[in-house]
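Top to bottom, those sequences are chains A and B.
Quick note on this note's numbering: the first sequence kicks off at 4 and runs consecutively.
Quick note on this note's numbering: the second sequence kicks off at -5 and runs consecutively.
Hint data in this document are derived by calculation from the structure and do not stem from the laboratory.
Hints may be right or wrong, so weigh each one.
[Unchecked claim] Calculated Cβ distances over 10 Å to all of chain A for the following chain B residues:
| hint | residue |
| --- | --- |
| 1 | K10 |
| 2 | E42 |
| 3 | Q90 |
| 4 | K100 |
| 5 | K255 |
[To be verified] A few chain A residues that face chain B, going by a derived Cβ cut-off under 7 Å, partial list only:
| hint | residue |
| --- | --- |
| 6 | L18 |
| 7 | F154 |
| 8 | T187 |
| 9 | V216 |
| 10 | H244 |
C-beta: ideal position from N, C-alpha, C; glycine also.
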Amino acid sequence: MALLEVKDLVVEFSLPEGKIRAPDGISFEVEREEVLGIVGESGSGKSVTALAIMGLVPSPPGRVVSGKILFEGRDVSRSIHELRGKEISMVFQNPLNSLNPSLKISVQLMEVLQEHLNMNEKEAWNRSVEVLKMMGIPDPETMMNRYPFEFSGGMRQRVMIAMAMLCEPKLLIADEPTTALDVTTQAQILKLFRKLKESSKTSIIFISHDLSVIAQIADRVMVMYAGKIVEKAKIDDIFEHPFHPYTKGLLKSIPSFYKERKSRFHSIPGNVPNLMNPPKGCRFHPRCPDTFELCREKEPPFFKVNGSYVSCWLYRRGADPA
Amino acid sequence: MKLLEIKDLKVYFPIKDKLFGKPEKFIKAVDGVSFYVEKGETFGIVGESGSGKSTIAMTILGVHRKTDGEILFKGRVIESKEDFKFVRKKVQIVFQDPEASLDPRKKIKHIVREGLDIYRIGSKDERNEKVKEVISKVGLTEEALDKYPHELSGGQKQRVGIARALVLEPELLILDEPTSSLDVSVQAQILNLLMDLQERLSLTYIFISHDLKVVEHIADRVMIMYLGKIMEMGSAQDILLKPLHPYTKALLSSVPLPDPKRRKDEEVFEGEVPSPLDPPRGCPFKARCKYAMDICDEPPKPVRVNDRLIFCHLYKEG
């Protein structure tokens, strides 16, 4: 049994201008001790998916309209209050917004342990110090008495990860945890995540808009576009043989060294569709170089191609419907 | 021809510790930086946050006041209010976040026209004509003119930001992380547009970015900064493909590669940027540098190696 199973998840936002659905009917699993990367551009629904798992979709305007989220086979919608922070925890993009500015780090860390694990003050202190140390925070005892503003951006993100890891959760969701950081700090935090992956039994959902970052951490990747999953594959496969035209386009758009100077970058023409009124059929068809009749009419199911799952009509023949 | 020349620029921000009296502490955001920008080239400035790259841009435009040093634009020393007025017409800037830099209550046509209105250039009809012309140059249709910023996508908004900068026909365009807040596929569109515009309008760019791959591709020369000081300066390809300064090497080793087979923990560069309030004496990078020696307590003098300038004691002239 997979650790987490998401089935046909639909989250709807009712805005004055109309309704938006993102994610719109997505299904995926997270296995034990694996890192699942979710890649997508803004508005693809990747963050909302994370919020839906955590039971944190802002309502109104958002609402989970259908679908099931099963954690160890149990429906999370009933048990999320017990699971959140203990079995499933989350790290956000901007640590400054997620830490309480007026409380010392020690208070914020120990509270989690006292609440979830009924630890006494001394146990909670010791455990917090231990986890801060694990996250590579120098002199953790002194740091416990500091306020968030006294930490650098990278250190704050380490504190956030420490807080998420306190109860040794089974699932950690990291939503763009390195996006707000400088490159050298980003490399350090990615190394920390790799260390967590090796040393703990925690499964990780790692969300990023940057395929290069995903390449550095994930075991499996799920590519999202306009509220839908377009491709699910093992990390090596997605870089060696991408199948969906959108995935191919994304990979080609990544700038790289040693290209002919000032040659033009590959770009995907057009813009992400307005989800108030998404295109019929495949949502990528207006921007796709390989569009044909069927793409405009019917939404493609997933086809299994060499171990990858691709939602694209190009693969309807010679592939197993999955 | 040198379009812009900066000589020993210092920009210090005072920290007010006491209620009265003179400030005693300073943040040395830019600390003795000299460079020039050749007409028609793209000059890249690379550095992590706090390195002073945006402060340089803001000082050229007169938003921040320089503490010391000299700014020359087209050979004219920029000192007085009049001088900066001259600069601001000829030098325009495109900001990182189009969301924050476009007035949400103004229509696109007013946003783009504002520069012409302020400088009273042309008649009303001529101004509107000019707005239409630049909006098509940046790849938008005239329909966009009557819209508000929130009706446009991120990439379209950044196109408006570029149109606003181009409307005064500047000679130098400062691009301050112009694609950092955009999605990958859109980033490519905007970078291509910037390259096209540079060729068509023979523009000069200062391209500020932390994305080393993009800078290597788009810039002719590059300056690597750390804590307000230059580390290495020269041809962008030389420096970013064959770095010599330990900091440049560290930066490059931190760039995540789109290759799951290359995850190198041993190359991860540890440590953090020290506070600019109390920067170490001598080379600002020495605290994190694995080659640090005693002599690094002395500020390194620029050394010319293979056509590039390096501020590091490891290198000797020749």
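Going through the earlier hints one by one, which of them does the structure break, listed in rising order? When the structure is compared with the hints, numbers 2, 5, 6, 7 and 10 turn out to be violated.
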